[in-house]
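Chemist: These protein sequence lines map, in sequence, to chains D and Y.
The numbering of the first sequence is our numbering, which starts it at 5 and goes up by one.
The numbering of the second sequence is our numbering, which starts it at 5 and goes up by one.
Hints may be right or wrong, so weigh each one.
In this list, chains with the same sequence are indistinguishable; a pair is considered to hold if it fits within one copy or across any two.
Heads up, simulated EDC-like pairs for lysine to aspartate or glutamate below, C-alpha to C-alpha not over 20 Å straight-line [to be verified]:
id: 1; residue 1: K315; residue 2: D290
id: 2; residue 1: K271; residue 2: D283
id: 3; residue 1: K313; residue 2: D290
id: 4; residue 1: K106; residue 2: E15
These aren't lab readings, by the way, just hints derived from the structure by calculation.
Each chain, written out:
Number of protein chains: 2
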Amino acid sequence: MERTPKLTPAETTKTDVVIIGAGPVGLFAVFQCGMAGLRCHVIDTLAQIGGQCTALYPEKPIYDIPGFPQISAADLITNLTAQARPFDPIYHLSQSVCALRKGRRSRWSLLTSAGQQFDAGAVIIAAGVGAFAPRRPPLDGIETYESLGPGRGVNYWVREREPYRGKRVVIAGGGDSAVDWALNLADLAKSVTLVHRRARFRAHEASLDQLRRAVDGAHIDLVVPYQLAGLIGGPDDLTAVIVEDLDGDSRHLPADVLLSFFGLSQKLGPINDWGLEIDKKRIGIDPTTAQTNLPGIYAIGDIAGYPHKQKLILTGFSEAAFAAEAAHGHIHPDRPLRFQHSTSKGVPVPTLVGRS
Amino acid sequence: MERTPKLTPAETTKTDVVIIGAGPVGLFAVFQCGMAGLRCHVIDTLAQIGGQCTALYPEKPIYDIPGFPQISAADLITNLTAQARPFDPIYHLSQSVCALRKGRRSRWSLLTSAGQQFDAGAVIIAAGVGAFAPRRPPLDGIETYESLGPGRGVNYWVREREPYRGKRVVIAGGGDSAVDWALNLADLAKSVTLVHRRARFRAHEASLDQLRRAVDGAHIDLVVPYQLAGLIGGPDDLTAVIVEDLDGDSRHLPADVLLSFFGLSQKLGPINDWGLEIDKKRIGIDPTTAQTNLPGIYAIGDIAGYPHKQKLILTGFSEAAFAAEAAHGHIHPDRPLRFQHSTSKGVPVPTLVGRS
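So here's chain D without its partners, still in its complex pose:
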């Protein structure tokens, strides 16, 4: 998906802010920057807006966004995109930032893998966990089964439920994704078998209660403590998953699809090389300005770290507000940002007159 950077970029785009990452927090940063009068370009490695929300779990309900007792990840992204739209952000997708260098004065110069060059007053890094890939279980020939598509072979995430209808689904993993999807597909699939190498699951208490009821009601088969040992099938389909207990005794679980939930391996990639202070894959920031150790570079959302940091989308939103104000101060040190009460702000479209 990524192209090699051109040696001689055609043109440099000058802008107030470049936002790295078009996930929910990056999108809300567009809105907050817009409210501060700053124009934004947004760069993302994925081919579409929304980060993990769109790529990994669009149908998953989210419960902890203030004001939404429940919202799907996809709907949240739709709303945030609409909220950012009045500020005319320009999205540059399917490319990553491969170089970030100090520019003239206190500006920054960026080069993307698609050969685009930017001259930015400030940079807001909202890159989540960085480029992410599912952790692949070490099974012989697993590659063969990875390309069969949703509901067939080996899948690492569920984008929609329908492809799993009537299928024999084996789910491997012990965390929230494994438990939630086992519950979620139980009424749709022909069978759901949940495999974990321990008897205990690391999932939310309410989900575990539901899991117990589903197992008691024979809606879900629990195969614990077992781990994945092999895959059986032809070139075009999976037929069974082999699992082994701790003594090496094995079982064959008939299966059309293995859903493997062993988390994501995270790669910060080039972000490591920009001179930012990084600890445990998090960029250190001042929590009330989102300022990194480099002036004019801000980090927000899951990629940002500070004491007591909570990895919630909500805290990322709040960090976006801090970053926008700080970026405004960096770009216009002589022009104070008038303090605005949240309820008295307007957006730059005529919505006040004549509304009912």
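Put chain Y on the given structure of chain D with help from the hints.
Modeler: This is chain Y only, laid out in the frame that chain D set:
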């Protein structure tokens, strides 16, 4: 509305957390505490939930809540109340906290003006600007006109637009409220006259553009620089507002209603007496734990202060998440709160199985 505290309170209610203030931020604190397994009682001086959102501007659109390109203050409160509901908060309205004292061990003891007593593991102060009242312009006999109801006499806020239909409306003030309501009522009222003692308004740039267009289009009469000098009318109605320029020359503006927007006078009241560090009517907190100088007492939202604080509902929401985690640590120092990714949290209602 407030009753004198009884000398011998009947019974003490024991709870994990008492939240002072049932505005948007206090409501979201119920949700965040609930997610951390903490039960909450919520106390508010107003007779209904929602704080200023409900009492002062229920119909006002808010633009900067993440995920809502636009939402009315009333709808936001409805949603937040629904989001808090699964955690069974108990609301104690029409009463204020008149005493807060150290209890046994590291707990806190509270007494309300209705004579209720609480024994709480932690206290979260989400009291906004404290008890609030509109600033009253110094006009002879103004009290007479204050009780005539919406759209008549002197009003300090607009709860709904309808009572202003066909009325001669004089609006006084130079901030967002004055400008926004002038624009908002222009198509509904018989006439809208905007009075300000300066020629310049302290309102959002986009609103000012609209104001200029509305004045040019003769939808709004601008009377500047003038200030309020008197009211003319009978016992049951206002007929005119007298204004004066800087030279003392006066004009009579025919009016059915004067909308007076000179801000709110804020009273922290008893909160001043609890030993909290307060600077400029804000309680000082650690921005990533919401911890005040008193262990087990947290402050969030507009009443909380720290360097670079932004007075947004959003930042209050984020502070609620910090406070809930810190309160959990204070109440259960031996029981770590399992880190939960925002999208894998569930609420304690069976919503996962069988959803479509």
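Chemist: Next step is simple, just say for each hint if it's right about the structure.
Modeler: Hint-by-hint comparison with the structure:
1. In this assembly of identical chains, the alpha carbons of K315 and D290 lie at most 20 Å apart whether taken from the same copy (16 Å) or from different copies (18 Å).
2. When the C-alpha separation of K271 and D283 is checked against a cutoff of 20 Å, the pair qualifies only within one copy, where the shortest distance is 14 Å, while the shortest distance between copies is 44 Å.
3. In the homo-oligomer, the alpha carbons of K313 and D290 lie at most 20 Å apart both inside one protomer (11 Å) and across protomers (12 Å), since each shortest distance falls under that limit.
4. Taking CA atoms no more than 20 Å apart as the test, K106 paired with E15 passes inside one copy only; the shortest distance there is 18 Å, against 65 Å between copies.
Taken one by one, the earlier hints all hold for this structure without exception.
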